[in-house]
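Trainee: Take a look at the letters that make up each chain.
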Amino acid sequence: MMSTLKMVRPAVTLFALLTLVTGVVYPLVVAGVAQAVMPGKANGSVLQHNGQIVGSSLIGQHFEGPGYFWSRPSATGPMPNNGLASSGSNLGPLNPALQDAVKGRIAALKTIQPGQYGAVPADLVTASASGLDPHISPAAALYQVHRVAQARGLPEEEVIARVRRHTDTPLLFGEPVVNVLELNLDLAAS
Amino acid sequence: MNSSIVFQTGLYLLILAALAWPLSRYLASLLDGSLAARHGWIGQVDRAVCRLLGTDAEEDMSWWRYAMALLLFHVAGTVFVYALQRLQGVLPLNPQQLGAISPDSSFNTAISFLTNTNWQGYAGESTMSNLTQMLALAVQNFVSAATGIAVVCALIRGFVRRKASGVGNAWLDLHRATTWLLLPLSIVLALALVSQGVIQNFKPNQTAQLTEAVVYQQPKTGADGQPLKDAKGNPVLETVKASTQTLPMGPVASQEAIKMLGTNGGGFFNANSAHPYENPTPLANFLQMLAIFLIPAALVFMFGRWVGDWRQGATIIAAMTLLFVAMVGVEYWAESHANPLLVQLGMDGHAGNLEGKETRFGLAASALFTVITTAASCGAVNTMHDSLMPLGGLVPMWLMKLGEVVFGGVGAGLYGMLIYAILAVFLSGLMIGRTPEYLGKKIDAFEMKMVAFAILATPMLVLGGTALSVMLDVGKAGMANPGAHGFSEVLYAFTSAANNNGSAFAGLSANTPYYNLMLAIAMWVGRFTVIVPVLAIAGRLASKPRLAVTAGTLPTHGPLFTALLIGTVVIVGALTYIPALALGPIVEHLQLFGEVAR
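Residue numbers (the working numbering), protein chains in the order written: chain V, 2 to 191; chain R, 500 to 1097.
These are computed hints drawn from the structure, not numbers from a lab. Using N, Cα and C, we set each Cβ at its ideal position, and we do this for glycine too. Hints are supplied without guarantee of correctness; some may be wrong.
To be verified - Listed below are several chain V residues computed to face chain R (Cβ distance under 7 Å; list not exhaustive):
id, residue
1, 14
2, 27
3, 59
4, 60
5, 87
6, 123
7, 143
8, 147
9, 151
10, 152
If we strip away everything but chain V, and leave its shape as in the complex, we get (with noise of 0.2 Å):
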């Protein structure tokens, strides 16, 4: 019992010792070099428009109408796209509320499309994990090339060309995609 409690000090004194180290010095060195080296992706990879954030290239937001280009659906409450409380939808394959949750979205689509026919890509109508996913898949972004132009008066290879451009194809690992709110800001700006 006494070689035990002899034990106290060194256990609270190592204790103390790794808190300071990992946790006072270590985050403070990689936030020290981070912002000396690369402040604007240490600090959110921000887009400013006219000195105003309008955003992040990393984090997704919510677009509805037929000139934008529409982002995953996003499951975070109360609002869609909210940056304070990322989540996914946790609905199970069997749930009922994700097939109405999947029934209204592809209706909304051939709403604010009509006459256009096939398959609606999955991303469109499937909620991202994060709630956040700033992208969409090429082919989630052609399937609405048609609506955008008509929205906009543009002739569709403009579109086209603007969504080649935002697209991103990874030189190893991941997906080709096309990143909707940088997308949408090119739009809105011309």
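Got chain V; can you put chain R on it based on the hints?
Mentor: Relative to the frame of chain V, chain R by itself:
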């Protein structure tokens, strides 16, 4: 081609081996003390730390003393992490002015981070101040991983030493693993992640003007703050317009690096490694996956070096790799089939199941991450496991149920697998009628009792906890999904807690006093009913002589033993859990595809 699962898995394993092999050399010299002997300044720091602690750097602890040291160290951590959460409202580095966390949630989180589980009942961005994240949670990410390394070192010393009374010095092992291994690796990884877009700052949250305002409905609250109800008792909804978006800020990269390297898995944000500020690019995702398996794989190679026969380590790595590749195959196959009910509604099924997945990772990197994080005791997620297809959800659940021995947690994976190896040696010894021995140490009744204890304790917690919860109203209240999937949510929660994983079928509302308490018990008991028997085995083995290899010795390297080891793991895991799994994911799979066929 680039996104193909075969290419990604193959490249992943190649790079992992190329990094883990040299790291194992470093680990071996660091933890047997030869590094400190070779580089004087490292030895000086080590001795200075021991002086500060008031202990003797040369002390060799008995297994019991070693266990008590770890226990006291954990008690100090529990008190500190609990207190910091309760007091964060009046402490600095709290730009969002978040208040104190409830007692039951604070207790759950303290146990969760101490036991390397990192189960999260709370949502980080709206709960934890920067101070709590750094000083309480990130610190535990380091020291809980160091604990795993310390325990496996003690066990390996048990095999290596002859007629020895001690298994090492717990203080020195904890300090060396943290300061000379986890810390430098974390700094490098954190900066690499920042270069991909992971944030690292101490700013308050930023406000962005939206390009298109968001109109949404939310329940209206009355003057008393209670939600208003209409005559039928339904909540009254009001329409609200939001023209701004809040961008969360904080020291994320430093947390993220150790979260992966220490197989902890506790995210800064609620969405964990699916959040673009935690895991912004496919390359960042690849680095995170590498970081999860890096130290567990290096420790297995280190084991081979320490026992003086690299083939012993290679045999265990081979068993782990085979199980891993098989599980990746099943996971990818399950997820590449879209939900047939949604295809019926008019969704394109070619892309597979994308509910709860991020576009930038795609199917392959999502499936790979899911298997890696549950094979190890990491529990970080880049995919919402609750929305996986039924069999896609069975794979991570089963990997955890095996005890996370497929690479496994830092340290915990290897000592878990060595427990199975001792069992395999014992079983084959019975079959061929020889006294079981492993690495020259005779396996006696005492060791086998401890092995049985370590293997049986976790299933008791998982199955007992699940059974109790589905019988109680407080347990059933947490389920978010109806039917078999709701049962899976509870089963997953206890599996994850008792095996110290930390991932979740996150629909389960687990931040209630009932689940906070039950899961905290499962995490604590699940961690220490393995650690204490492992240390006891270590102490007993260390005191024995090492027998010479004879013609009658069953070799514990090579394909035969790899097959025996896999067989032992799979049979124990299958026999224990198939009945429970049949009630959850298996019946759900049959329902889902049966409904479509009808």
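Trainee: Could you run down the list of hints and mark each one as holding or not?
Mentor: Comparing the hints with the structure gives:
1. About 5 Å separates the beta-carbon of residue 14 of chain V from the nearest beta-carbon of chain R, less than 7 Å, and the hint is met.
2. At a threshold of 7 Å, the smallest CB-CB gap from residue 27 of chain V to chain R is about 6 Å, leaving the interface hint in force.
3. Below 7 Å, beta-carbon pairs count as interface contacts, and residue 59 of chain V has one with chain R at about 4 Å; its hint therefore holds.
4. Interface restraint check for residue 60 of chain V: the shortest CB-CB distance to chain R comes to about 6 Å, inside 7 Å, so the restraint holds.
5. For the restraint placing residue 87 of chain V at the interface with chain R, the shortest Cβ-Cβ distance is roughly 4 Å, inside the 7 Å limit, so the hint holds.
6. For residue 123 of chain V, the interface hint holds, since its Cβ comes within 7 Å of a Cβ in chain R; the closest pair sits about 4 Å apart.
7. Residue-level restraint check for residue 143 of chain V is violated (minimum Cβ-Cβ distance to chain R is 12 Å; threshold 7 Å).
8. The restraint placing residue 147 of chain V at the interface with chain R is violated, with a minimum CB-CB distance near 17 Å, outside the 7 Å limit.
9. The interface hint given for residue 151 of chain V is broken, as the beta carbon of that residue sits about 18 Å from the closest beta carbon of chain R, more than 7 Å.
10. At a threshold of 7 Å, the smallest CB-CB gap from residue 152 of chain V to chain R is about 12 Å, leaving the interface hint violated.
Hint compliance for this structure: hints 7, 8, 9, 10 are broken, all remaining hints hold.
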